[in-house]
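If you read the protein sequences in the order shown, they are chains S and U. Sequence positions in the first sequence follow the numbering used here and run 7 to 605. Sequence positions in the second sequence follow the numbering used here and run 3 to 251.
Just so you know, the hints here were simulated from the structure itself, not pulled from any lab data. Each hint should be verified, as a subset may be incorrect.
[Stated by the list, open to error] When the alpha-carbon atoms are kept at most 35 Å apart in a straight line, the in silico DSBU-like pairs for lysine-lysine are as follows:
#, chain 1, residue 1, chain 2, residue 2
1, S, LYS582, S, LYS488
2, S, LYS381, U, LYS189
3, U, LYS22, S, LYS9
4, U, LYS197, S, LYS9
5, S, LYS151, U, LYS197
6, U, LYS233, S, LYS337
7, U, LYS58, S, LYS84
8, U, LYS58, U, LYS233
9, U, LYS199, S, LYS381
10, S, LYS229, S, LYS337
11, U, LYS147, S, LYS381
12, U, LYS34, S, LYS84
13, S, LYS9, U, LYS58
14, S, LYS353, U, LYS34
15, U, LYS197, S, LYS381
16, S, LYS9, U, LYS195
17, S, LYS84, U, LYS198
18, U, LYS147, S, LYS84
19, S, LYS416, U, LYS34
20, U, LYS34, S, LYS381
21, U, LYS233, S, LYS84
22, U, LYS189, S, LYS84
23, S, LYS151, U, LYS199
24, U, LYS22, S, LYS84
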Amino acid sequence: MSKTINRRDIDFLLFEVFGVDRLCERDYFAAHDRQVFNLMLDTAERLAAGHFLGCAAGGDRNMAEVIDGRVRLVPQAKFAMDEMIDAGFVAASLDNEYGGLQMPVAVANACMAIFQSANIGLCGLPLLTIGVANLINACGSAEQKSVFIPRLLNGSCYGTMCLSEPHAGSSLTDIRTRAELVDGINYRITGSKMWITGGEHELSENIVHMVLAKIPGGPAGVKGISLFIVPRYRVDAEGSVGESNDVSLAGLNHKMGQRISPNCALNFGENNNCIGQLVGEQHRGLEYMFHMMNEARIAVGLAAVSAGYAGYMYSLGYARERTQGRLPQDKNPANRMVPIIRHADVKRMLLAQKSYVEGGLALCLFASSLVDEEKTHPDESARRQAHLLLDVLIPVVKAWPSEWCLEANKHAIQILGGYGYTQEYPVERLYRDNRLNMIHEGTNGIHGIDLLGRKVVMHNGAGFELVMGEIARSVETARAHKELSEYASGLNRARKTVVDTTAVLTAAAASGNVAGFMANSSLYLDMFGHLVIAWIWLKQAIVAQRALSGAHESDRPFYEGKLRACQYYFHWELPKITAQAELLSSLDASCLEMPEEAF
Amino acid sequence: MKILVPIKRVVDANVRVRVKSDRSGVELANLKMAMNPFCEIAMEEAVRQQEAGTVKEIVAVTVGGAQCQDILRTALAMGADRAILVETDVEAQPLGVAKVLRAVADREKPEVIILGKQAIDDDNNQTGQMLAALLGWAQGTFASKLEFAGGGLRVTREVDGGLETLMLKLPAIVTTDLRLNEPRYVKLPNIMKAKKKPLDVIKAADLGVDLTSRLKVLKVEEPPARGGGIKVASVQELVHRLRNERKVI
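Using the sequences and the accompanying hints, generate a full structural model.
Structure representation (structure tokens):
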């Protein structure tokens, strides 16, 4: 039984809110049923509570390092990873054809959240491996698929994503890694890559790097980027491992958190002897990379949720046991101290965490279920709609949890007070682990630009209108319950506020003020995110309200907790967007026009 | 060789249970249920014997409502070849379960039956022994080691003060203790395979077994809350109190 995430909440979201078990009616998922999902979640809980949680603190204190020229992790990391792979969690959502198990992404991600809540740092390795398998599956040749995917799924290969370079992180246009044609699909790769999680280690027989590089003579900018498979050790047509492929470790980055896993600077072709295979066609690398970007970004959002959730669970347990002070109305020092969970201000910090982490988890599992819909819904227009909805929501799925579940970790530390600030308790580590999520897989700033500059305006605003339409539908559903009418009205007002603000911003863009339109995109992302999470909370509240009257006595506190957290979110969080909307609509130029020299 | 593994569905070991307000039993509604941990050990042992090549078929069996299919599915995912649910709405007690298992054993004719030594819900520790008596088979209870040898079964038992090793003639009953093995977790591909393995449902009534309760629960209570300790001034006082007040020495 997981102590780092609430299984009851996962079951509620998967089966009561999003009805994931209904997917089993589709041919693609016909091998599964609710019982299969239950057992899978049980196994995830069991493994996560074992080696994963077991090496979370030790892996933080004994970070990955280079010993005798080899990257070493704490030894338990290998046991944990082997168990996870052996149990089938890396292969879970991939197609049967290459050794996958064709699980719904929503269920596979829920399992991953259980692992992530136990050890977010270690989970970077399987997530990248799954991402690489997905990428090759989507864009690779038949031979590349059959050579690499089964090995990625059975643990003989791990995967990495090599996009950033020391001088070019968010700015992929400016990468310098080169790929020169040798013969057929083989290219000679030279260049340096930075921030490569799992770039080198001895956990697997081989490592598959997915490398972005430019082919000389190609178009300038992002249109000249191609994608290559670059194994650490060369492989033959059967996938057998051979000689070294001239990929060398330039060094490890010494990180603030997620220290159990190695993050590397890699040099490709120091001896001009590094060979990569082109994936797909030349110059389409970035486009291919975006095929798996949505799922990778859900994984980052989920990681942020999971670290936040673990902090919430820990501080909740602590608040129930730690006694301190007496209630304001009790002036008698001879009376016993009360558990701190009875103090209103501690309840505030717990409710804030609950509303962030449960809201974030619901959003990430909803996004995961959209991946299942876009992949397997029998109706083509429904598939397109799921894809569009997911595209618009993705910046929120990545950025909102990484911002607000980090805030949850802050509250968790606060509840433990001085103890929370020490290494004897896990909450400070969770905060450090979680801090990465605002940065990687596109910084939150980049996602603000993506949301406002691309997603909101694409297809003449069709995606934006789709989200607003879905929100309006939930508002209508909620109106049927008088207990929820306050939230229905509140969400509807907030929706109009966001629609109006968006209209002001897009009008500014249309009139040529592009700089003004984009200047406050981070704020826009936060406002939009707060609206989306309010919607997700209302979705949960509708289900909880319906279930409450028929619920067994022992299950009532769960549903009541959902409704109370919804209330907290609508009273404390949603109003924030009014001030944000006002600032955005004024096209405030405080940041944009600040002269550099005035800092 | 065929092994029969009877298993029981109990409240999950990690769940904190509460006594019902009318003290008639323990509140089970909505709680997470799972295979009894000692039964998991029994399943694991059967699977290990099969992996070692000594066993051809493993049949898991349980007695209870339709909801018990979930633990049979777990047993199938762990490695059982097929499963039997003996369905009844009656809350079966050890003697009733032992009678059902005898009827199943008569049909299945296993050489060995491995059971958990007790279930964590009622802690009876009776079913295996009763079944051995009903069948007239040899029994090796509280097993911490199991080997097939010389056409029989060598069982190392955990007894007060040490270990006892017995040679049993087949057919035989074994009940498992905690240290026999560490059960495996179920893997995803095996969970999926389990869905395709046969799971037969037999009505308890069709076996002609009378499951009527012979025991009546009078009341169930929480353990008494622990009282505060006291400090004593001297060893003499401690001994005096232990002898005269607590009457433990």
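How the hints compare with the structure:
no., hint, result
1, S/LYS582 with S/LYS488, "holds (25 Å)"
2, S/LYS381 with U/LYS189, "holds (25 Å)"
3, U/LYS22 with S/LYS9, "holds (26 Å)"
4, U/LYS197 with S/LYS9, "holds (29 Å)"
5, S/LYS151 with U/LYS197, "holds (29 Å)"
6, U/LYS233 with S/LYS337, "holds (30 Å)"
7, U/LYS58 with S/LYS84, "holds (34 Å)"
8, U/LYS58 with U/LYS233, "violated (62 Å)"
9, U/LYS199 with S/LYS381, "holds (29 Å)"
10, S/LYS229 with S/LYS337, "violated (71 Å)"
11, U/LYS147 with S/LYS381, "violated (50 Å)"
12, U/LYS34 with S/LYS84, "holds (31 Å)"
13, S/LYS9 with U/LYS58, "violated (40 Å)"
14, S/LYS353 with U/LYS34, "holds (27 Å)"
15, U/LYS197 with S/LYS381, "holds (24 Å)"
16, S/LYS9 with U/LYS195, "holds (29 Å)"
17, S/LYS84 with U/LYS198, "holds (32 Å)"
18, U/LYS147 with S/LYS84, "holds (30 Å)"
19, S/LYS416 with U/LYS34, "holds (32 Å)"
20, U/LYS34 with S/LYS381, "holds (32 Å)"
21, U/LYS233 with S/LYS84, "violated (50 Å)"
22, U/LYS189 with S/LYS84, "holds (18 Å)"
23, S/LYS151 with U/LYS199, "holds (31 Å)"
24, U/LYS22 with S/LYS84, "violated (45 Å)"
In terms of the numbered hints stated before, the structure departs from hints 8, 10, 11, 13, 21 and 24, listed from lowest to highest.
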